[in-house]
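If you read the protein sequences in the order shown, they are chains G and W. For the first sequence, this note's numbering assigns the number 337 to the initial residue and increments by one for each residue that follows. For the second sequence, this note's numbering assigns the number 143 to the initial residue and increments by one for each residue that follows.
Treat the hints with caution; some may be incorrect.
[Unchecked claim] Simulated crosslink set (DSBU-like; lysine-lysine; CA at most 30 Å straight-line):
{"hint": "1", "chain 1": "W", "residue 1": "K243", "chain 2": "W", "residue 2": "K224"}
{"hint": "2", "chain 1": "W", "residue 1": "K224", "chain 2": "G", "residue 2": "K429"}
{"hint": "3", "chain 1": "W", "residue 1": "K227", "chain 2": "G", "residue 2": "K429"}
{"hint": "4", "chain 1": "W", "residue 1": "K215", "chain 2": "G", "residue 2": "K342"}
{"hint": "5", "chain 1": "G", "residue 1": "K429", "chain 2": "G", "residue 2": "K530"}
{"hint": "6", "chain 1": "G", "residue 1": "K401", "chain 2": "W", "residue 2": "K423"}
{"hint": "7", "chain 1": "W", "residue 1": "K371", "chain 2": "W", "residue 2": "K423"}
{"hint": "8", "chain 1": "G", "residue 1": "K452", "chain 2": "G", "residue 2": "K429"}
{"hint": "9", "chain 1": "W", "residue 1": "K423", "chain 2": "G", "residue 2": "K342"}
{"hint": "10", "chain 1": "G", "residue 1": "K521", "chain 2": "W", "residue 2": "K147"}
{"hint": "11", "chain 1": "W", "residue 1": "K147", "chain 2": "G", "residue 2": "K401"}
{"hint": "12", "chain 1": "G", "residue 1": "K477", "chain 2": "G", "residue 2": "K342"}
{"hint": "13", "chain 1": "G", "residue 1": "K429", "chain 2": "G", "residue 2": "K342"}
{"hint": "14", "chain 1": "W", "residue 1": "K215", "chain 2": "W", "residue 2": "K595"}
{"hint": "15", "chain 1": "W", "residue 1": "K310", "chain 2": "G", "residue 2": "K342"}
{"hint": "16", "chain 1": "W", "residue 1": "K644", "chain 2": "G", "residue 2": "K401"}
{"hint": "17", "chain 1": "W", "residue 1": "K224", "chain 2": "G", "residue 2": "K422"}
{"hint": "18", "chain 1": "W", "residue 1": "K243", "chain 2": "W", "residue 2": "K227"}
{"hint": "19", "chain 1": "W", "residue 1": "K243", "chain 2": "W", "residue 2": "K147"}
{"hint": "20", "chain 1": "G", "residue 1": "K401", "chain 2": "G", "residue 2": "K422"}
{"hint": "21", "chain 1": "G", "residue 1": "K521", "chain 2": "W", "residue 2": "K212"}
{"hint": "22", "chain 1": "W", "residue 1": "K484", "chain 2": "G", "residue 2": "K342"}
{"hint": "23", "chain 1": "W", "residue 1": "K568", "chain 2": "G", "residue 2": "K429"}
{"hint": "24", "chain 1": "G", "residue 1": "K477", "chain 2": "G", "residue 2": "K452"}
{"hint": "25", "chain 1": "W", "residue 1": "K310", "chain 2": "W", "residue 2": "K568"}
{"hint": "26", "chain 1": "W", "residue 1": "K394", "chain 2": "W", "residue 2": "K371"}
{"hint": "27", "chain 1": "G", "residue 1": "K422", "chain 2": "W", "residue 2": "K595"}
{"hint": "28", "chain 1": "W", "residue 1": "K147", "chain 2": "G", "residue 2": "K422"}
{"hint": "29", "chain 1": "W", "residue 1": "K568", "chain 2": "G", "residue 2": "K530"}
{"hint": "30", "chain 1": "W", "residue 1": "K371", "chain 2": "W", "residue 2": "K315"}
{"hint": "31", "chain 1": "W", "residue 1": "K212", "chain 2": "G", "residue 2": "K429"}
{"hint": "32", "chain 1": "W", "residue 1": "K694", "chain 2": "W", "residue 2": "K595"}
{"hint": "33", "chain 1": "W", "residue 1": "K212", "chain 2": "G", "residue 2": "K422"}
[Claimed, not checked] Chain W is faced by these chain G residues, among others (derived, beta-carbon under 8 Å):
{"hint": "34", "residue": "Y348"}
{"hint": "35", "residue": "E358"}
{"hint": "36", "residue": "A359"}
{"hint": "37", "residue": "K382"}
{"hint": "38", "residue": "L405"}
{"hint": "39", "residue": "L431"}
{"hint": "40", "residue": "L434"}
Hints listed in this document are in silico derivations from the structure and should not be mistaken for laboratory results. Predicted model only: the values in this text are computed from it and were never measured. Glycine included, each C-beta is placed from N, C-alpha and C at the ideal position.
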Amino acid sequence: MGGISKEEVALYDRQIRLWGMEAQSRLRTASLCFIGVKALTLEACKNLVLAGVGHITLCDGGSVKEEDLEVQYYFQPEDLGQAKDKVLAERLKMLNPLVDIQANSKLSDKDANLDKFDVVVAVGGRQCSPVQLNGLCRTAKATRFVAADSFGAFGYIFADCLDEHEYMEEVKSVGGGEASNSESKHQKLAAAYKPLSQSILAKPEAINTQRLLRKYPPLVFICQ
Amino acid sequence: MRSTKQLARIFGEETASRVSNARLLVVGAGGIGCELLKNLSMSGFQHIHAIDLDTIDLSNLNRQFLFQRKHIKRPKAEVAIKAIKDFNPGIDATAGQANIKEPDYDVDWFSGFDLVLNALDNLDARRHVNTMCLAAHVPLIESGTAGYLGQVTVISGGKTECFECQPKAAERKTYPVCTIRSTPSAPIHCIVWAKDYLFAQLFGERADEADDDQGMDAEEKAENMEELKQLREESRDLSRLAEAMGSAGFPKAVFEKVFSEDIARLLSMKDMWKQRRPPTKLDFAALLERVSAEFDPAHPDDQSVLSVEDSCALFVHTANKLAHRVLEQQKQGSQGFLSFDKDDEDALNFVAATANLRSQAFGIEQKSIFAIKAMAGNIIPAIATTNAIVAGMMVMQAIMVLSQRMAECHTAYVSYNSKRARSIIKEPLATPNPRCPICRRRYLTLRVPDCSKTTLGDVISHVASLNGTERDLQLGDDIAVVEGSRILYDPDFEDNLGESLKSLGIIPGRMVTLTNEDDDEGLVVPVVLNIAKHQGNANGTQVQLAIEGFEKIPKFAPLPDDHQDNGADAEDGSEDGAGVVANDQLAVDNKGAIIIDDDTDAHASNMGYISDELSKRQLDDATTDDQGPSKRRALETDNTAAKADNDDIVVLD
Chain G
337 MGGISKEEVA LYDRQIRLWG MEAQSRLRTA SLCFIGVKAL TLEACKNLVL AGVGHITLCD
397 GGSVKEEDLE VQYYFQPEDL GQAKDKVLAE RLKMLNPLVD IQANSKLSDK DANLDKFDVV
457 VAVGGRQCSP VQLNGLCRTA KATRFVAADS FGAFGYIFAD CLDEHEYMEE VKSVGGGEAS
517 NSESKHQKLA AAYKPLSQSI LAKPEAINTQ RLLRKYPPLV FICQ
Chain W
143 MRSTKQLARI FGEETASRVS NARLLVVGAG GIGCELLKNL SMSGFQHIHA IDLDTIDLSN
203 LNRQFLFQRK HIKRPKAEVA IKAIKDFNPG IDATAGQANI KEPDYDVDWF SGFDLVLNAL
263 DNLDARRHVN TMCLAAHVPL IESGTAGYLG QVTVISGGKT ECFECQPKAA ERKTYPVCTI
323 RSTPSAPIHC IVWAKDYLFA QLFGERADEA DDDQGMDAEE KAENMEELKQ LREESRDLSR
383 LAEAMGSAGF PKAVFEKVFS EDIARLLSMK DMWKQRRPPT KLDFAALLER VSAEFDPAHP
443 DDQSVLSVED SCALFVHTAN KLAHRVLEQQ KQGSQGFLSF DKDDEDALNF VAATANLRSQ
503 AFGIEQKSIF AIKAMAGNII PAIATTNAIV AGMMVMQAIM VLSQRMAECH TAYVSYNSKR
563 ARSIIKEPLA TPNPRCPICR RRYLTLRVPD CSKTTLGDVI SHVASLNGTE RDLQLGDDIA
623 VVEGSRILYD PDFEDNLGES LKSLGIIPGR MVTLTNEDDD EGLVVPVVLN IAKHQGNANG
683 TQVQLAIEGF EKIPKFAPLP DDHQDNGADA EDGSEDGAGV VANDQLAVDN KGAIIIDDDT
743 DAHASNMGYI SDELSKRQLD DATTDDQGPS KRRALETDNT AAKADNDDIV VLD
């Protein structure tokens, strides 16, 4: 069972029934870092904390402003001027005391050591350019990278899961019958991801521009 | 109060103002409800009422984030509303701990809202809210989630499909009685046997014998007559055994009856086992001799599959505990019936133990208590993120509905398939099913001063008096009046004309349906009259019957020329996103079935600058089809864009 206590099983019952005990064990030991505290950070961290990850470090360096109050429900007027990452860390702890949540404003420095994190998430580009952060993650070798941001009714997510990302894909068994066991077979596959620096450099001539513009709103390209 | 400057900047002042003035009803404050209430309170909505009959449980806390441990056992709606008021003090948010089906929540109550949002977990309540919203002429945003899957849609009477336009799969699967009682072949059969037969017969309210042949047609009943007779005998024997509760020999007697005697009888039906693996009898004493030394029946390990010996010990322990509870209750004057509750450890462990014993007898795979709990308790796995995604989409749709931009509403599915890059699939809202028995109706309100004085005849006369006027109900001459499944009146059945409404059970809150008696082809749109109290006249004059709501009746599309039934086999799309509803046989000139309000204008200047850009680009892309006014053009353009670009999440390599 990997050390999951009975209390945890009771709390996480409904999600364990979805993704299994093994997945819950892995979540439990996962260590994440969010650089940039925005509304998107709040939402993502809320979900991760509820899911029972092992550790989250928040890094921002900025303080709570008026515009933050409009969308971030865990910030109150009395938090104005306080360190964003510290305040959010405090509030998230109340959501699930089992998760270790820290604030560390120094992590976005270019010398930062991101080794101990399984995933680093760059929200927005204020602290440190996502391309640079992606590079730092690659240096750390086993740290996956996610960049994300939202503007009004738009948003983007980018993921670099490194060169040999292993994952399981469900293979539906044929003719199982309604009453047979609910486990279906899984096969292990691997995929190679590219860092953001390469993705941005993709030459437009290589792509059918007309088709692209029909599919994606122009704003997507402005984001880049 | 939180500022809404950004909301206005994104959607425009006009929309922001409609949002802040809108009165919302949120039905359900659980998984979707918590996320939804949080979103609404942070998106400029000022008037919110949440209703939920449930209380908070530990297993809710992995996703219903407005609740903490200290709130366990408190009402969900109350705690959720308090939480969002802490986020945004000053908003007008109220809570009710009640069942939405209660008579207080009548059509008048529903019509006090500008928009209703469902965050429910069962079909029955959804159907009810669907009907009430149609009757009150209030738009409804419908939603649902299960595991990684989710769905959102918009229901607007007369414009879009209602919840019942397409048949939905039954919520609970039922099994033939012979499979459960005689020839199980899967763990679920044994679990259903343990819960709905063994537990129920011994500790619960005795099942009605008439239910035994449920699900069988006449022919099957005849074939199985002998078998059913035997099964009834067995049930009766078991009930008699229940009387031995409390005695030391009770568990053994039950065991020998169901796992030895009944199985011996089954084995004697040689034909039954010609093609099937026959069961074997179990030996009570032999099993108990080999129970594991460290097994503690009071604390069984729920993650692993118990040995059959340990299951037997668990059975004895729980049978005694349950018997004891029944007897205690009887001492205190009640009948002592227990009903199965998956969170009742004794009941769950009893069902698990006996299900596994039966599986052992029939050579079926045995399961852990953890797994059995899910099957016996119909647990749906749930996580925070699916609910968060769905709630986010609900709020976007709510803003579109309130700002009368229905063209930008869709049905959206959150799907999960590791092979596909797309996780959100959207499709246009479908037009109503022209044969729908729920939404192809003129919903009106009949105000009655006093149901004990007004007769059915009075109502029918009143309806007739409107013929030929601008308030004609368009039913034609020979009408029939129905309430539920009872015929109250038709031209051949006039007995009730002199009866008061009250004596016929027609009181405020009930709905009666008026149809044309001779309308075989369904050309006449039936009228549903919601019976309501009269508000009373200000100057105190005698109040009369009055029918209201004519101005809210939508236009109904003409029936298709072929007059065939539509949509009989569409599936509930929330399964895997593949159940796409195709209604393109319906309206004659409908290309993509997006419905817009008559006053929607795709170029409305109240939209934020981003949206203008988007609309402009889409128009530029438009195929040249120049028939009709610009409004129609915009509609087709939207269709084109929607068809080519089904996905909200795109992947950049």
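Hints, verified against the model:
Of the supplied pair hints, the one linking K243(W) and K224(W) holds, its CA atoms being roughly 24 Å apart against a limit of 30 Å. Proximity of K224(W) to K429(G) is assessed by CA-CA distance (about 20 Å); at most 30 Å being required, the pair is judged to hold. A distance of roughly 20 Å separates the Cα atoms of K227(W) and K429(G); the hinted pair therefore holds under the 30 Å criterion. Between K215(W) and K342(G) the alpha-carbon distance is near 20 Å, which keeps this suggested pair within the 30 Å criterion.
Under the criterion of a C-alpha separation no larger than 30 Å, the hint pairing K429(G) with K530(G) is inconsistent with the structure, at around 34 Å. A distance of roughly 74 Å separates the Cα atoms of K401(G) and K423(W); the hinted pair therefore is violated under the 30 Å criterion. With a CA separation close to 22 Å, the supplied pair K371(W) and K423(W) stays within the 30 Å bound. This hinted pair checks out: K452(G) and K429(G) have alpha carbons roughly 21 Å apart, not beyond 30 Å.
With a C-alpha separation of about 36 Å, the suggested pair K423(W) and K342(G) falls outside the 30 Å cut-off, and the hint is violated. The hinted pair formed by K521(G) and K147(W) fails the criterion: a straight-line CA distance of about 51 Å is larger than 30 Å. Proximity of K147(W) to K401(G) is assessed by CA-CA distance (about 14 Å); at most 30 Å being required, the pair is judged to hold. This hinted pair does not check out: K477(G) and K342(G) have alpha carbons roughly 35 Å apart, beyond 30 Å.
Only pairs whose Cα atoms come within 30 Å are accepted, and K429(G) paired with K342(G) is accepted, the gap being roughly 21 Å. Restraint check for K215(W) and K595(W): the C-alpha separation of about 46 Å exceeds 30 Å, so the hint is violated. Using a Cα cut-off of 30 Å, the hinted pair K310(W) and K342(G) is violated, with the two alpha carbons roughly 38 Å apart. Restraint check for K644(W) and K401(G): the C-alpha separation of about 62 Å exceeds 30 Å, so the hint is violated.
A distance of roughly 25 Å separates the Cα atoms of K224(W) and K422(G); the hinted pair therefore holds under the 30 Å criterion. This hinted pair checks out: K243(W) and K227(W) have alpha carbons roughly 26 Å apart, not beyond 30 Å. Between K243(W) and K147(W) the CA atoms are separated by roughly 38 Å; this puts the pair beyond 30 Å, and the hint is violated. A distance of roughly 14 Å separates the Cα atoms of K401(G) and K422(G); the hinted pair therefore holds under the 30 Å criterion.
For the suggested pair K521(G) and K212(W), the alpha carbons sit about 41 Å apart, so the restraint of at most 30 Å is broken. Between K484(W) and K342(G) the alpha-carbon distance is near 17 Å, which keeps this suggested pair within the 30 Å criterion. For a cut-off of 30 Å, the pair hint linking K568(W) to K429(G) is broken: about 36 Å separates their Cα positions. Distance hint between K477(G) and K452(G) is fulfilled; the C-alpha atoms sit about 11 Å from each other, no more than 30 Å.
About 19 Å separates the Cα atoms of K310(W) and K568(W), which keeps this hinted pair within 30 Å; it holds. The hinted pair formed by K394(W) and K371(W) meets the criterion: a straight-line CA distance of about 25 Å does not exceed 30 Å. In summary, the hint linking K422(G) to K595(W) is not supported, as the alpha carbons are separated by about 69 Å, beyond the 30 Å threshold. Distance restraint check for K147(W) and K422(G): the Cα-Cα separation of roughly 26 Å lies within the 30 Å cut-off, and the hinted pair is therefore satisfied.
With a CA separation close to 29 Å, the supplied pair K568(W) and K530(G) stays within the 30 Å bound. The straight-line distance between the Cα atoms of K371(W) and K315(W) is roughly 25 Å, inside the 30 Å bound, and the hint therefore holds. For the suggested pair K212(W) and K429(G), the alpha carbons sit about 15 Å apart, so the restraint of at most 30 Å is met. With a C-alpha separation of about 29 Å, the suggested pairing of K694(W) with K595(W) holds against the 30 Å cut-off.
Proposed proximity of K212(W) and K422(G) is supported: the alpha carbons are some 24 Å apart, at most 30 Å. With a least beta-carbon distance of about 5 Å to chain W, the hint placing Y348(G) at the interface is held under the 8 Å criterion. Restraint check, E358(G) versus chain W: the minimum CB separation of about 12 Å is more than 8 Å; hint violated. With its C-beta approaching chain W no nearer than about 11 Å, A359(G) sits outside the 8 Å limit, and its interface hint is violated.
Interface restraint check for K382(G): the shortest CB-CB distance to chain W comes to about 6 Å, inside 8 Å, so the restraint holds. Residue-level restraint check for L405(G) holds (minimum Cβ-Cβ distance to chain W is 6 Å; threshold 8 Å). Among the interface hints, the one on L431(G) holds; its C-beta lies about 6 Å from the nearest C-beta in chain W, closer than the 8 Å criterion. Evaluation of the L434(G) hint against chain W yields a violated restraint, the C-beta minimum of about 11 Å exceeding 8 Å.
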